[in-house]
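Visitor: Spelled out from the first residue to the last, the chains are:
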Amino acid sequence: MYSFDFEKPSTIADAVAALADDDAQALAGGQTLIPTLKQRLASPEKLISLTGIPELQGICTGDNGALCIGAGTTHADVAAGAGAFPALAALAGNIGDPAVRSRGTIGGSVANNDPSACYPAAVLGAGATVVTNAREIAADDFFDGLFETALEEGEIITEVRFPIPEVANYQKFEQPASRFALVGVFVVKFADGVRVAVTGASEEGVFRWREAENALSNGMDAALIEGMSPNADDMITDLHGSAAYRAHLVGVMTRRAVAAAN
Amino acid sequence: MSQVTMTVNGKTATGDVEGRTLLSQFLRENLNLTGTHVGCDTSQCGACVVHVDGKAVKSCTMLALEAEGADVATIEGQAAPDGTLNTIQQAFQDHHGLQCGFCTPGMVMSAAALLKDNPKPTETEVRDYLEGNICRCTGYHNIVKAIMAASGQDVSSIAAE
Ligand SMILES: Cc1cc2nc3c(=O)[nH]c(=O)nc-3n(C[C@H](O)[C@H](O)[C@H](O)COP(=O)(O)OP(=O)(O)OC[C@H]3O[C@@H](n4cnc5c(N)ncnc54)[C@H](O)[C@@H]3O)c2cc1C
Ligand code: FES
Ligand code: FES
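Protein chains in written order, with the working numbering: chain Y, 8 to 269; chain L, 124 to 284.
Bound conformation, chain L alone (with noise of 0.2 Å):
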């Protein structure tokens, strides 16, 4: 066993972890943020997309000891103390986003990712950038809708209520 320390939604956490324990693994067993969800655990589906100082990971593939003295944003730290939702979650309340919700916290750590990168993006850049997020429920529309929304663009000819 090895000890961790990192950031996680500006709080620092330190656990102790094998070489072997995921970044995915650690906030969800020894820090319990469990919003953190995993899909697949094959790099394949993004609903354990994570930020990594700053940048979208899949914390299923990376080890928790890489990420000593990072920075971690997760789900948990999107909404304010308070419960209020932030503005990409409230878009994809508002616009439907999500059906079963799985895949939403990679959805909604990847499109704040994207509108860090690209404030207003085209619906072919979101559809780009969601590349490597599988939702199973709702067909994309709206979580593209929901995601140009939360960027402040016209989305009334996206897609129909």
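Isolated chain Y (complex conformation) (with noise of 0.2 Å):
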């Protein structure tokens, strides 16, 4: 790791402030940013960190029943916390292992948008809103290719608020030796239509499987998308699996998150 300074505010205003400077960067969990400095990839000057805001953690019932997941709420507590939810707490209880889970945090993983993070599908699957310190990012809004999102420059999440689906299921293809989605599909079913979110697979990171969607406004059945997978020129080739297998396997996870949806 290259050298940095260390700082720990008690609130949102004064770690928005501090991450003005350029080469400030904020560290959550660092179970992504830590690995990541050691392998020398990134050299911030300073490392804001995000765990000593009381206001960023927790999870409460927000307008409509949404479940409201503060920014630096750990894997761990919304596995424990997400009841309203379960397909989430469900998903967040299956990340990496527990220790990875009592660090990591929900507003470090869906900042981060890395192409085989299980939390992104969760959030563009359930049509989640990323609320930062300056405004209200819709998902379908946020996610912006590989690492990339809509967060400006010294932007931080603070909260993501999650409407409660009818039912819901992830599917997660465990990369053996990473624990990471090889492919991940979150399946969510509201009053008004059904939400299909992909991770693992593309090229583009996650995305929304809308011809399943459109064939799953028939109803909650597997067999209404039997056989179908989605183009695979946009697919990952890499040493863990072909862009025809990755296509594949998204067809396959996205009928068994129908078929156990509940």
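Any given hint could turn out to be false.
[What the hints assert, rightly or not] With a straight-line cut-off of 27 Å between C-alpha atoms, the simulated DSS-like cross-links for lysine-lysine are:
#: 1; chain 1: L; residue 1: K134; chain 2: Y; residue 2: K15
#: 2; chain 1: L; residue 1: K239; chain 2: L; residue 2: K134
#: 3; chain 1: L; residue 1: K178; chain 2: L; residue 2: K239
#: 4; chain 1: Y; residue 1: K15; chain 2: Y; residue 2: K53
#: 5; chain 1: L; residue 1: K178; chain 2: L; residue 2: K243
#: 6; chain 1: L; residue 1: K178; chain 2: Y; residue 2: K45
#: 7; chain 1: Y; residue 1: K15; chain 2: L; residue 2: K178
#: 8; chain 1: Y; residue 1: K45; chain 2: Y; residue 2: K15
#: 9; chain 1: L; residue 1: K178; chain 2: L; residue 2: K134
[Claimed, not checked] Quick list of simulated restraints, FRET-style, between CB atoms:
#: 10; chain 1: Y; residue 1: D228; chain 2: L; residue 2: N241; range: 30 to 40 Å
#: 11; chain 1: L; residue 1: E246; chain 2: Y; residue 2: E62; range: 33 to 43 Å
#: 12; chain 1: Y; residue 1: V174; chain 2: L; residue 2: E152; range: 48 to 58 Å
#: 13; chain 1: Y; residue 1: C67; chain 2: L; residue 2: Q213; range: 39 to 49 Å
#: 14; chain 1: Y; residue 1: E159; chain 2: L; residue 2: G206; range: 53 to 63 Å
#: 15; chain 1: L; residue 1: G192; chain 2: Y; residue 2: G72; range: 31 to 41 Å
[What the hints assert, rightly or not] Derived contacts from chain Y toward chain L, CB cut-off under 8 Å, selection only:
#: 16; residue: F11
#: 17; residue: P42
#: 18; residue: V107
#: 19; residue: R186
Since the hints were derived computationally from the structure, they do not count as laboratory data. Heads up, the beta-carbon is just placed ideally off N, CA and C, and yes, glycines get one too.
Two chains, two frames, a set of hints: combine them into the complex.
Guide: Structure (structure tokens):
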């Protein structure tokens, strides 16, 4: 790691002020950023820890029963506390391993937008709202390709707000070494339609699989998407699987998620 | 350099660290508590697991300064002061839960965190919980068995002696 200074503000306002410095970067659970710093893939001069800010912690119920999760809430706390949205709690409880879940946060995962991360699928699938210190961003406008989001320099996520669906399910095909999603599919049914979000598969990062959504608008029945898979042209090929393999897996995992949704 | 103060195994520990000093480095290099092992330093192996405010964390993936004011428990604090092993450690010895021993500090600390939350885990729950603890020697069988035994369960059916 290159050398850096460390600050730990206790309010959102102080964190935002500290992050106005171009060479400063936010640190949440560090489960992505610390390995990145060790590889010298990032060289901030100052890390602004968000772990000492009570306003970023915890889960509450908002308007229309929405589940509001503070950006600094750990995966373990979401797994234990998001009972109102069981598919989300299950997703959080299956990220990495217990020690990763003790530190890693929803805000860090969503801000990072790793193409194989789990949370982006839930946020996009549920049509959640990403709340920052400055504005509210709909999930459909938030994710912007590999590791890219709509966040401006120095803007921090303060909360993610999930509407509660009728039924939902997340199916993750784990890459056995990293435990990230080789392919993960989050299926959500609301009164007005079905959303299907896919992580791990595309060169463009998390995406909505619209053909499946349309087919499932006639009912949450895996038979309606039998044999379907998205176009393999946009899929990732790496040593863990080819584009065709991933495209096939998206179909399989979507059918499993539809069958398991409850 | 900044000063950091935390409680480690019940005693106050203070030291001067850089922003980039990891908790694992602080424990090993400042406090000479070398029982916390660094196997990978890439957040994968779990040899460095300690408890911070009661939760299992990878000490190679947390800055020392983040532990300011925290209550940290390491493998050195597990046995009684006279060296008597605690229940989990004794079960690892009794059931051959280690060979080279490199992963063992992390295994014991992960096991302790598991049993605190789930005093009678099933075999599947133990294996799931150890997802982030890698062992290159044992094949895990006797580690799982030791943890089940430490939880007071009958392990005669879990693996051959
Ligand atoms: C062994 C291992 C296995 C893992 N397995 C999985 C897995 O199966 N699925 C999965 O999804 N993830 C997995 N992860 C990643 C893990 O979920 C991370 O916790 C997560 O990606 C980042 O969250 P963090 O709080 O640790 O953020 P950090 O590492 O602290 O930060 C990540 C990035 O987000 C920025 N950031 C952090 N918080 C905010 C905020 N509030 N607002 C704006 N920017 C912010 C930081 O500046 C940094 O760029 C794994 C990690 C490890 C080490
Ligand atoms: S040394 Fe920390 S996880 Fe391997
Ligand atoms: S006993 Fe050797 S690595 Fe586990």
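Visitor: Confirm or reject each hint.
Guide: We went through each hint and held it up to the structure:
At most 27 Å may separate the alpha-carbon atoms for a hinted pair to count; L/K134 and Y/K15 meet this at roughly 24 Å. The hinted pair formed by L/K239 and L/K134 meets the criterion: a straight-line CA distance of about 22 Å does not exceed 27 Å. Taking the CA atoms of L/K178 and L/K239, the gap is about 10 Å. The hint holds against a cut of 27 Å. Restraint check: the Cα-Cα separation between Y/K15 and Y/K53 comes to about 11 Å, which is no more than 27 Å; the hinted pair holds.
At most 27 Å may separate the alpha-carbon atoms for a hinted pair to count; L/K178 and L/K243 meet this at roughly 18 Å. Proposed proximity of L/K178 and Y/K45 is supported: the alpha carbons are some 23 Å apart, at most 27 Å. About 20 Å separates the Cα atoms of Y/K15 and L/K178, which keeps this hinted pair within 27 Å; it holds. The hinted pair formed by Y/K45 and Y/K15 meets the criterion: a straight-line CA distance of about 20 Å does not exceed 27 Å.
For the hint linking L/K178 to L/K134, the alpha-carbon distance of about 18 Å falls within 27 Å, and the restraint holds. Under the hint 30 to 40 Å, the C-beta atoms of Y/D228 and L/N241, about 37 Å apart, fit the expected range. Look at L/E246 against Y/E62: about 41 Å separates their beta carbons, and that is inside 33 to 43 Å. As the Cβ distance of Y/V174 to L/E152 is approximately 52 Å, the hint placing it in 48 to 58 Å holds.
Y/C67 and L/Q213 have their C-beta atoms about 44 Å apart, which keeps the hinted 39 to 49 Å range intact. The supplied range of 53 to 63 Å is met by Y/E159 and L/G206, whose beta-carbon atoms lie about 57 Å from each other. Checking the proposed 31 to 41 Å range against L/G192 and Y/G72 shows it holds: the Cβ atoms sit about 37 Å from each other. For Y/F11, the interface hint holds, since its Cβ comes within 8 Å of a Cβ in chain L; the closest pair sits about 5 Å apart.
Nearest Cβ of chain L to the Cβ of Y/P42: about 5 Å, under the 8 Å cut. The hint holds. The interface hint given for Y/V107 is met, as the beta carbon of that residue sits about 6 Å from the closest beta carbon of chain L, less than 8 Å. Contact between Y/R186 and chain L, as hinted, is supported at the beta carbon level, the nearest pair being about 7 Å apart and thus within 8 Å.
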